[in-house]
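Build out the structure end to end from the sequences listed, making use of the hints.
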Amino acid sequence: MDFQLNLNSETVDHAYLGQPLMASAETSLREVLQILREQHQGGILIQKEDALVGIFTERDALRLMAADAKGGQVDYDQPIKNFMQTEVVSVADKTTVGESIRVMSEGGYRRLPVINSEKLPTGVLTVSGILHYLVDHFPQVIYTLPPKPRHAAGEREGA
Amino acid sequence: MTLCPACGSTNIEGVDYCDACGQTLSHLDLPVPATEVEKSVTRDRLSTLQPRAAVTCGLNATVAEVLAMLVAHSLGCVLVVDHDGQLVGVFSERDALHKINCSAAEMADRPVSELMTAAPQSLHCEDKIAYAIHKMNLGGYRHVPLIDEQGRPTGVVSARDILRYFTGLLASNAS
Numbered sequence: 001m002d003f004q005l006n007l008n009s010e011t012v013d014h015a016y017l018g019q020p021l022m023a024s025a026e027t028s029l030r031e032v033l034q035i036l037r038e039q040h041q042g043g044i045l046i047q048k049e050d051a052l053v054g055i056f057t058e059r060d061a062l063r064l065m066a067a068d069a070k071g072g073q074v075d076y077d078q079p080i081k082n083f084m085q086t087e088v089v090s091v092a093d094k095t096t097v098g099e100s101i102r103v104m105s106e107g108g109y110r111r112l113p114v115i116n117s118e119k120l121p122t123g124v125l126t127v128s129g130i131l132h133y134l135v136d137h138f139p140q141v142i143y144t145l146p147p148k149p150r151h152a153a154g155e156r157e158g159a
Numbered sequence: 160m161t162l163c164p165a166c167g168s169t170n171i172e173g174v175d176y177c178d179a180c181g182q183t184l185s186h187l188d189l190p191v192p193a194t195e196v197e198k199s200v201t202r203d204r205l206s207t208l209q210p211r212a213a214v215t216c217g218l219n220a221t222v223a224e225v226l227a228m229l230v231a232h233s234l235g236c237v238l239v240v241d242h243d244g245q246l247v248g249v250f251s252e253r254d255a256l257h258k259i260n261c262s263a264a265e266m267a268d269r270p271v272s273e274l275m276t277a278a279p280q281s282l283h284c285e286d287k288i289a290y291a292i293h294k295m296n297l298g299g300y301r302h303v304p305l306i307d308e309q310g311r312p313t314g315v316v317s318a319r320d321i322l323r324y325f326t327g328l329l330a331s332n333a334s
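Chains as they are written, first to last, in the numbering used here: chain A, 1 to 159; chain B, 160 to 334.
A couple of the hints might just be wrong.
Cut-off 27 Å, straight-line C-alpha distance, at most; resulting in silico cross-link-like pairs (DSS-like, lysine-lysine) [what the hints assert, rightly or not]:
#, chain 1, residue 1, chain 2, residue 2
1, B, K294, B, K258
2, B, K198, B, K294
3, A, K148, B, K294
4, B, K198, A, K148
5, A, K48, A, K94
6, A, K119, A, K94
7, A, K119, A, K48
8, A, K119, A, K81
9, A, K70, B, K258
10, A, K81, A, K70
11, A, K148, B, K287
12, B, K258, A, K81
13, A, K81, A, K48
Distance ranges between label pairs, derived from CB positions [what the hints assert, rightly or not]:
#, chain 1, residue 1, chain 2, residue 2, range
14, B, A165, A, Q19, 53 to 61 Å
15, B, G244, A, N82, 40 to 48 Å
16, B, E308, A, G158, 24 to 32 Å
17, B, G181, A, K94, 57 to 65 Å
18, A, E157, B, C166, 18 to 26 Å
Which stretches of chain A does chain B cover? Using the computed rule of at least three CB atoms under 8 Å from a CB of chain B, they are [stated by the list, open to error]:
#, segment
19, 59-70
20, 100-112
21, 129-135
Derived by calculation from the structure, the hints in this document are not laboratory data.
C-beta atoms are modelled at their ideal positions from N, C-alpha and C, and glycine is treated no differently.
This is the structure:
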């Protein structure tokens, strides 16, 4: 099948990678949250001296917000390195789309940093990017769907 | 040109009825799924994804309560319902990040109705999977609420459900 072939031969950079947002490990939590809001992103990669050392996503932010709303006293001026996840699962830029989808689906990740041969992040694969990539492969049936899923004429026309 | 399957006369492309015999031609313009994957998304219904049950809250639930629900249930979104149980809004993780940001403590007692996304797009669990993909792709959402005929939420389809569906589909096609 054609589609199957594409998934196993096309590399992950075809799947609409987002620009990687980066911040240094010393950036404050407040600044990181503001960057995410301004850039309309749900995750940011954390680097220290050009090396990728962590990731901070909206799920981490949500936990902090929930704790803060309960009166848990979150110090927004602390550096992001105290809140980030240090184990970052990433894929190489030569990985196929199919393999990346598998990694994402099995691990339950919503964003996967894509790194080049120098271990530098070149993009971020997101669930929405993959959906868009999939839609690209069968635009005919997706883009020409009737406007309503359950369509029935109210009465016979012209009768 | 469109050939009428009943009488064989030619018609202008896109007409609803055959000029010669009056036979309806509108079905000829429906797209024909070309591959197995295309057939599957236009045939399978959202119920086959076994979407997770809806987690709902009332309009007066506070921000603190809703945030706690999102964390406790590991959810991406909570559906907001009115006193009749009808879906009126969605409060997602993304809403939290963009609207609450670093003022969670100050906003803790505000009602969720001030911050939710009102009048969300929704589908029915018997709708085809292609519709959910279309809505997510166009709107950039990760969740589409499912409602019944009375407008009450029955579940939520997530982008992750769709990915899982595709990986299953591709695995079964490969074997």
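Structure-based check of each hint:
Note on K294 (chain B) and K258 (chain B): the hinted pairing holds, with a Cα-Cα distance of about 23 Å set against a maximum of 27 Å. A threshold of 27 Å between alpha carbons decides the hint, and for K198 (chain B) with K294 (chain B) the separation of about 18 Å falls inside it, so the pair holds. The suggested pairing of K148 (chain A) with K294 (chain B) holds, with an alpha-carbon distance near 11 Å, which does not exceed 27 Å. At roughly 19 Å between alpha-carbon atoms, K198 (chain B) and K148 (chain A) fall within 27 Å of each other, so this suggested pair holds.
With a C-alpha separation of about 25 Å, the suggested pair K48 (chain A) and K94 (chain A) falls inside the 27 Å cut-off, and the hint holds. This hinted pair checks out: K119 (chain A) and K94 (chain A) have alpha carbons roughly 12 Å apart, not beyond 27 Å. Restraint check for K119 (chain A) and K48 (chain A): the C-alpha separation of about 13 Å stays at or below 27 Å, so the hint holds. Taking the CA atoms of K119 (chain A) and K81 (chain A), the gap is near 20 Å; set against the 27 Å cutoff, the hint holds.
The suggested pairing of K70 (chain A) with K258 (chain B) holds, with an alpha-carbon distance near 17 Å, which does not exceed 27 Å. Restraint check for K81 (chain A) and K70 (chain A): satisfied, since their Cα atoms lie roughly 23 Å apart, inside the 27 Å limit. Of the pairs offered as hints, the one joining K148 (chain A) and K287 (chain B) holds, with about 11 Å between alpha carbons and a cut-off of 27 Å not exceeded. At roughly 24 Å between alpha-carbon atoms, K258 (chain B) and K81 (chain A) fall within 27 Å of each other, so this suggested pair holds.
Restraint check for K81 (chain A) and K48 (chain A): the C-alpha separation of about 10 Å stays at or below 27 Å, so the hint holds. With their beta carbons about 55 Å apart, A165 (chain B) and Q19 (chain A) fall inside the hinted range of 53 to 61 Å. Checked against the hint of 40 to 48 Å, the C-beta distance between G244 (chain B) and N82 (chain A) comes to roughly 42 Å, which is consistent with it. Between E308 (chain B) and G158 (chain A) the beta carbons are some 29 Å apart, a value that agrees with the proposed interval 24 to 32 Å.
Judged by the Cβ atoms, the range 57 to 65 Å given for G181 (chain B) and K94 (chain A) holds: they are separated by roughly 59 Å. Taking 18 to 26 Å as the suggested C-beta distance range, the pair E157 (chain A) and C166 (chain B) conforms, at roughly 21 Å. Chain B is given as covering the segment 59-70 of chain A, and this holds because 10 residues of the stretch bring a CB closer than 8 Å to a CB of that chain, at least three being needed. Three residues within the 8 Å Cβ limit are the bar, and the segment 100-112 of chain A against chain B gives 6, so the coverage statement holds.
A count of 5 residues in the segment 129-135 of chain A with a Cβ less than 8 Å from any Cβ of chain B is obtained; the coverage claim is therefore met, three being the minimum.
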